[in-house]
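4 protein chains.
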Amino acid sequence: MDRLRIGVIGLGWFGEIHCETIIGVPNLELAALCTRQPDRLAAMGAKFGVAKTYADYNDMLADPEIDAVSICTMWDQHVGPAVAALKAGKHVFLEKPIASTVEDARTIIEASKGARGILFVGHIVRFNPRYRMAKQAIDTGKIGKIVALSSRRNIPAAWTPTILNKIGPIVGDAIHDTDIMLWFTGEKIVSAYAQTISVRNLKHPDIGQTMYRFESGATATLETVWCMPEKTPFDIDERMSIIGTEGIIHVQDTFPNLGIVSSDKLHSPDTTYWPEFNGVRGGALRDEFSYFANCALAGETPVMGVPTDAAAALEATLAAEESARTGNVIRIGQG
Amino acid sequence: MDRLRIGVIGLGWFGEIHCETIIGVPNLELAALCTRQPDRLAAMGAKFGVAKTYADYNDMLADPEIDAVSICTMWDQHVGPAVAALKAGKHVFLEKPIASTVEDARTIIEASKGARGILFVGHIVRFNPRYRMAKQAIDTGKIGKIVALSSRRNIPAAWTPTILNKIGPIVGDAIHDTDIMLWFTGEKIVSAYAQTISVRNLKHPDIGQTMYRFESGATATLETVWCMPEKTPFDIDERMSIIGTEGIIHVQDTFPNLGIVSSDKLHSPDTTYWPEFNGVRGGALRDEFSYFANCALAGETPVMGVPTDAAAALEATLAAEESARTGNVIRIGQG
Amino acid sequence: MDRLRIGVIGLGWFGEIHCETIIGVPNLELAALCTRQPDRLAAMGAKFGVAKTYADYNDMLADPEIDAVSICTMWDQHVGPAVAALKAGKHVFLEKPIASTVEDARTIIEASKGARGILFVGHIVRFNPRYRMAKQAIDTGKIGKIVALSSRRNIPAAWTPTILNKIGPIVGDAIHDTDIMLWFTGEKIVSAYAQTISVRNLKHPDIGQTMYRFESGATATLETVWCMPEKTPFDIDERMSIIGTEGIIHVQDTFPNLGIVSSDKLHSPDTTYWPEFNGVRGGALRDEFSYFANCALAGETPVMGVPTDAAAALEATLAAEESARTGNVIRIGQG
Amino acid sequence: MDRLRIGVIGLGWFGEIHCETIIGVPNLELAALCTRQPDRLAAMGAKFGVAKTYADYNDMLADPEIDAVSICTMWDQHVGPAVAALKAGKHVFLEKPIASTVEDARTIIEASKGARGILFVGHIVRFNPRYRMAKQAIDTGKIGKIVALSSRRNIPAAWTPTILNKIGPIVGDAIHDTDIMLWFTGEKIVSAYAQTISVRNLKHPDIGQTMYRFESGATATLETVWCMPEKTPFDIDERMSIIGTEGIIHVQDTFPNLGIVSSDKLHSPDTTYWPEFNGVRGGALRDEFSYFANCALAGETPVMGVPTDAAAALEATLAAEESARTGNVIRIGQG
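Protein chains in written order, with UniProt numbering: chain W, 1 to 335; chain D, 1 to 335; chain L, 1 to 335; chain U, 1 to 335.
To be clear, the hints were calculated from the coordinates, so they are not data collected in a lab. As the structure is a computational prediction, the values presented were derived from the model and not from experiment. It cannot be assumed that every hint is accurate.
No distinction is drawn between identical chains; accordingly, a pair holds when it is met within one copy or between any pair of copies.
Result set (BS3-like, lysine-lysine): computed pairs, CA atoms no more than 25 Å apart in a straight line [unchecked claim]: (1) K145 <-> K135; (2) K166 <-> K203; (3) K145 <-> K265; (4) K166 <-> K135.
My request is simple: use the sequences and hints to build the entire structure.
Have a look at this one:
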């Protein structure tokens, strides 16, 4: 087999982006689609020329000509399709966060043990070449031992009114930087303190600021603002500084790599994560799918997207959210 | 009188910079110098052509031909000269932090009440045109109501081994951003949480990360790293983002305004705070001294460098340091 | 005398900025105003509380209580007031370009020889601390010998419809960078080639691109765009790279030092040249006036704003304009 | 067939990078290697596990199990292998510049007419997502009509002592920006003027500055410096501004996207063109090879890497070099 036949479960905006990306990966074949919304299912089937469409993921999983699935359902609806797909022997590309509770994450990880397919969790930022090259520099000792980190991951207000009724910015976005910080330090997080503020009175607060302590004493801050104003140039204002005993790494924002001043505004579009050219997505998301496909086809266990790493990032961000709710510093992993 | 005759008390590296700045301000006359170190006193007297030199500030204060003093002694030695100068009827330019304890700050403020001279505390960042223009934009409503802030103020390791045995980065430097945040929001800080880490095992930790909550619920993080490595381009890596309900302001770092690549390194020197040309300092420090001189000569009460503002910034940073020591969130101003 | 009483001749937008700057310089007194437009004269007299107002600069120059003048008339109306002021023994601050022809520049320089007052030409960019610090680095050998330079000085279209009927972008703005390049290299320019393009069909083209050859063989390009679109963040998009045999200096743009995202756009206001706070201008323009006042009061010949330097910059930019008109490479100073 | 078996001809530093990239493209198989240097051939064969190695490209081309070749010989040795490969029915990926003379370019293009394989010229910058997205914005009218452009493409001195004895910076590197400008404007270049300067007295000058005029009157400058000093942070200092009647696009440099401050220097490595992770290259070079493979496998004529476009860029840069040699403005395409 040199092509992986993949079905996408969950066809919201990001499920569609998955599809637009999969069609650009030579050893992937977009073979099936699944959503409970019939109109959306028909539209996506037509758009991508995919004949196999399902309202129930169990029907898709029963098809022996499907080798793999990508799961883009809401974060609190991951357990069902992920466990079923693993039981059905499929390779699983599961969007982050791995689940909405630490218990659910464990259930999914449990199901992956002994499964015939691989379980890969989509922590895409590890496929951003800037972070990946930073990791290489850290691993070769260029900055000594990490003592402090700070990050930002801010997005426009226009993108978030719907999502903020489902997930907040700390678990939704700071989880990326949490995962990267765990990767860079190779350490555990021992405590979390966070503050949030609600700007638009949606279900979750618009802004989160988080502080972690790592087991070596290293300290970190993380900023996630989900309400940047209309005229912000940024699609993502993304930065990280990693301070070591011998050096510093600055992963800067994607701005001002490309600034387009039109009659409307200055816009600095994302060119890194899933840039679209002629209807096909490239960037880090394609690299992530390629990595997944290559591991699955070669029968190799991935060293990126590792489920236990994803669970650790989830645990830390959930602790930060608890801190924001209670006003207390939350200790992690001490019971 | 259209020139203010000023004496400088404390002639460490920053006292010397004060002198280099004063000589460039038309309505200031550098008239006297004071330090307990005889060699330094002689050297500075010769460098600046100042005949009146004193080992004891009381002798300087007794001179009726001195109108004003700038006080650059260590932060825990402010009370003596500041109170004495105010009692002697001199105008006082007092370096930040106003004092090393809230009590000492109150003693100094008490002494200023009814004094003939003005008391001005050197919170220089308010004279950085970028922050000052940001304040104008905030006051004219351009970004709505402030809901979150984040700042950085990092300096090279080579600058700090001595100072870190006297003061830490939060009270020493985050106090600048604390003052600016208080100025921008017009609010009080109600709690502080901070984490520090010691890299070089000096008396104070090299790195501080601080989180504040403001009375409106606005949240803020502040980073202060006093151990940037040798090859960092920055003299000061200084940034602030101010997130409002209607807009955002980014006060960026001074880099890369001027980058000088020599055979040694890429260096981005400070051109804002006290750039030196032909032995004379300009920039924000000169603007600050001009403001002080103009107020003193005109008999006007300053609206910048206000001692009670300085005391509020001190209180918040001391609370942050207490938080870092104890691991607790510290409530402010509730007793 | 420790204050220079100065009158401003020409009260267009920049004459007004001169006034707003002069009132913030302690050893300058804004003592008189002159314009042929009666309404403007009355309005400016009222705004600045200046009683001495003149329709004819000769009347101002006849006043023995005026020590100095700043001349802000259009560039082709410099000779009259400049020569008359020098003959009247006044110190002269003359805006750039020194004149509209090389002959006129020579006439003015001739008049300054043996004059009682100093003649200073307002090449403000030499007072931008970034260029000034770059000059220091060059003079101390940090980048070796200069072999190439490139610059940009672009401004918004909204600022230029009127001015473009009086002067073009090469003589109007590239003259700044020309002067700086002459200052940095210490060389003469031997040839100029330029291309322009007219976007809005005004009297002068909106855009100029210029290339110089210096006598050592060093090569330079200069970009001046006077039609940046409405949503550009820049007040001035200003940059220069200076490439030496041993190093490089990058003088970057003023963006993104301060970025203000309001409901309208992202704006990066100028904080360097003439920032205004409470009705008074600071920045490089104030430094320039301070330098002028200090030289005049001390009876020292300025080493900045030197008229022959200004004439050399004028000659090079006029040659570039001739090149753009004719399509030929223009040799300079060879006859 | 769903995999293209490709051989690489020319195994200098860039031939090796081609190999490192090809092995990461699923529908390419690195099947053969060719160089006249036996040691290098053996080493590369061993490194990539490729059994088919050739000293003479004709032997490689005789192999029916080779579907395609990439040609990385020196630019003046393109005609031989390119024409032979096309005659042998292979698909050809030819590095830029297409050839070293306009006549050679025509010979190669002639050979491609009626050939069974496609001829693709490796103008990689079109696969940089920032330029590609800029092209999209231009095509959708976001900036109106292009009236001026300026570009920079500067690299460190340490990279260039060998190459500067083979090719100069204008044909070697400004050809990238020339191709992009031709792509963005959709116009022809009608004249070129250029100045060069030799810093290290190698065969070709280290620095080139070029000015083009386009048929619509649009004007452009291009800077190429091949001698940036050791401590420059840049791998490539790459920028372009595209000024339109309704907007502007700024394609900024790759710095400071990732800045690594180690004990040696601040380094901003390229993360865009061919970043290497675990021995495999990604970035624009992989995208370029994927595009080539997809076109070849699908039997589609490429719309990127079009040989006549490559010839037009070559002609303009050769005209610029002639201008630099003669001091004259060179007209293009007028007979």
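Hints, verified against the model:
1. K145 <-> K135: within (13 Å within a copy, 38 Å between copies)
2. K166 <-> K203: within (7 Å within a copy, 47 Å between copies)
3. K145 <-> K265: between (42 Å within a copy, 17 Å between copies)
4. K166 <-> K135: Neither: 32 Å inside a copy, 36 Å across copies.
Of the hints listed earlier, the one the structure fails to meet is number 4.
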